[in-house]
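Undergrad: Could you slot chain C onto chain Y? The hints should help.
Next come the chains, spelled out residue by residue.
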Amino acid sequence: MQTTNEYNRKRYRLGFWFIAPAVIVLLIVLAYPIFASLVLSFLRVRFAGQGLSFEFNGLNNYADLIRKDLFREALFRSVYFTMIEVVSVMLLALLVATMLNHPLGRSAFYRVVLLVPWALAPVANAVLWKWIYNANYGILNQALLGLGVIDENIIWLGKPWLALNMILIADIWKAVPFISLLMLAGLQNIPAYLYKAAWLDGANVWQQFVHITLPGIKTTLVISIVLQSIWALKVFDLIYVLTKGSPADSTVLLNYLSWRETFSNLDIGYGAAIANVLFALMLMLALVYIRALRQRQTQTWRGSKP
Amino acid sequence: MNSNRLINRIARRHFLKLAGAGAASVALANFLASCAPKSDGGTLNVLVPAAPDPAPPGVGQFSLDAFEQWKKANGFEVAYEAPPWPQLHDKMAANFASGQYVHDIIYMSGWVPEFADYLIDFTDELPADLVADLPPSSFSTLAWGGKRLGVIFTLSLLTMFYNKEMLDGIGVKEAPKTWDELKAVAKELTGGGKYGWVLNYGAPEGIGGVASYWMCFLQQAGGKLYDDKGQPSFNNAAGVDSLQCMVDLMEFTDPGSLSYVGINDATNVFAAGQAAMMMNWPFMWKPANDPATSKVVGKVNAAVLPAGPAGTASIDGTDAYTITSLSPNPEGARKLIEFYLDAEVQKRQVLDTGWLPIRLSVLNDPEVQAAAPNAAVVLEQAKNPYDSYVTPDYNAVTTAIGVEIQKALAGSQSAADAIKNASDQVIEIVKKRG
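Chains Y and C, in that order, are what the protein sequence lines are. Quick note on my numbering: the first sequence kicks off at 1 and runs consecutively. Quick note on my numbering: the second sequence kicks off at 1001 and runs consecutively.
Isolated chain Y (complex conformation):
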């Protein structure tokens, strides 16, 4: 007769074999590139003109990060971009989710329409915005001229901070739908009787929002913030299509800089060092995400107990 421990051991062993293919695939497609990128960042990789050769370079690539203004500027811009995008997306998504949660907004039609920006292919989205922002023929300038808001065309992508913020707007537009749906799911988990009880107790709309809605979607908010932060940190396609880092490198963010150093300038070791900094930032955010998810699972588990 098998003991419980023996039975569990066999169960786990069998389970291991079942998940082994997935683990192997993950090791190949995730762990290996991460490890390779780490190793590359300690090497000087000579490629241009003389074939591929590797030479140990110690911490020089990381020293270059500290030394070079462009990296520091790109890091600052990435942090700025991420913070503004996360705050904007959270506020807009919460607004949209609240509207969709209202009895008048519960039609599936609204949800389908909402998903359109998110469903667009990244490059198609970028090309769309390129035409919207076009200095001479863009619809944004034409609309603002028509409304009398401006009296001459604005070069949306021609000035440093303006260009960065216009890319930010395009990315926010794309990000809002998914986060809205996450929040909507969170809102729909809040029992309606809580609002009824609060209304009976005389709570106004704002008080209901602060004391019922926000606590009810706290975990969803944390997950949304973390996910959106990761996505904002790794923005690439919009920059590649809209500005190529211009004007004067003012829209170069970390991910774009890593690509440029690696694939355009062929400074593979330095590019890997930049990618690793980005990875470290995202890993920290991912840990917060895992913690938030675990917290929610624990809450759900406790909630399901009689």
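A few of these clues could be false.
[What the hints assert, rightly or not] To be clear about the criterion: a stretch of chain Y counts as covered by chain C if any three or more of its residues have a C-beta under 8 Å from a C-beta of chain C, and this derived list gives those stretches: (1) 202–214; (2) 242–250.
[Unchecked claim] Computed cross-link-like contacts, DSS-like style, restricted to lysine-lysine with a CA-CA straight-line distance of at most 27 Å: (3) C:K1194 x Y:K130; (4) Y:K130 x C:K1420; (5) C:K1091 x C:K1147; (6) Y:K130 x C:K1286; (7) C:K1194 x Y:K159; (8) Y:K130 x C:K1295; (9) Y:K68 x C:K1432; (10) Y:K159 x C:K1432; (11) Y:K159 x C:K1187.
Please keep in mind that the hints were generated in silico from the structure rather than gathered at the bench. The beta carbon of each residue, even a glycine, is placed where N, CA and C say it ideally should be.
TA: Coordinates of chain C only, in the frame set by chain Y:
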């Protein structure tokens, strides 16, 4: 009985494990095999840009029947990979870095020194009559380390394009011949939502962006990017004057130029009749005279670029075909390149796509000259300097220069500061090259 059941269970479990592991291995092997490029000797894999950039028959819509006949006669299939031009460099970098065979023929533009070790010299095997029909520049910009690593297939120098009607409107009958004339004419033509000059200054790097345009002005000012020892030599009067000319022009330039990242963005403005002058590649003649894409049909003319203190000068687009060192069939690849350079194919190239031929006999063909009157202008431009200064670190060098130029054009630093900063960065890049 119990023990027999246990043995059976273990055996079944082991069988399942082995079967699972086997299936996974087969699936992985199949997946990896499907990822590997075909090198069966019967297929030539070719990496070229998508049209409207210079593309061969089969990607570009010309000489399609001849292409089919060539494939039948030579027993080859041709598999094209034709991404948009800006993606080409990344693709070839990734492919070469993998150390695996991916392509037999690769289109190159300014990157030959960068990838020299991955290319072979096949030019001595080209037919003598073909070589004799090519200008010497067909090989000079592709020479590196004593080898000629490709062959140019289109005569592609930057020249001036202008809107005759707009110039006529201010009483100017010819294109400006000097920097001063260029600035004066541009000034006259700017106003009422129209501009004297337009270009894509939004991309910093060379060939496609602002660094290349400045190289034209630099050579017109009598400057050079590098001295004879390969060290940067543009932090001087010629370097500053050339950039100052571009800065002076900004007042009469479509301000959108600072945001246009591709040449087509600027071409659209010119073709809409919103700007009077620009420098562009020869292909522009055809779309600018196509009623479907242009509002300036019949109003466009071409001229050599205005002269600076040292005369006129340009840069070479260096659009070339090369053969990779890992190609299992370099002979077949060379034959295909010879087909691309066939006189009839070259003629259809210019007549159907607007990209000029490189063969002198085709350039002198009356039908070609009638269809592409700018060909004579490009040949005239080619009598003057047109160095593109390609080096193994071309992208890094030109991006560093381009970013500093953009700052000067936007007015955030002086031309002198921009040139000094660019020079300092290029010195560092060259030093790193070793």
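Undergrad: For each hint, tell me whether it holds in the structure or not.
TA: Going through the hints against the structure:
1. 202–214: violated (count 0)
2. 242–250: holds (count 8)
3. C:K1194 x Y:K130: Holds, at about 21 Å.
4. Y:K130 x C:K1420: Since the Cα atoms of K130 of chain Y and K1420 of chain C sit roughly 33 Å apart, the hinted pair is violated (cutoff 27 Å).
5. C:K1091 x C:K1147: holds (24 Å)
6. Y:K130 x C:K1286: holds (25 Å)
7. C:K1194 x Y:K159: Given pair K1194 of chain C, K159 of chain Y holds - Cα atoms ~21 Å apart, limit 27 Å.
8. Y:K130 x C:K1295: With a Cα-Cα distance of about 22 Å, the restraint between K130 of chain Y and K1295 of chain C holds, given a limit of 27 Å.
9. Y:K68 x C:K1432: Within the cut-off at roughly 14 Å; holds.
10. Y:K159 x C:K1432: Violated, because 32 Å separates the two Cα atoms, which is more than 27 Å.
11. Y:K159 x C:K1187: Holds, at roughly 23 Å.
Of the numbered hints listed earlier, those contradicted by the structure are 1, 4, 10.
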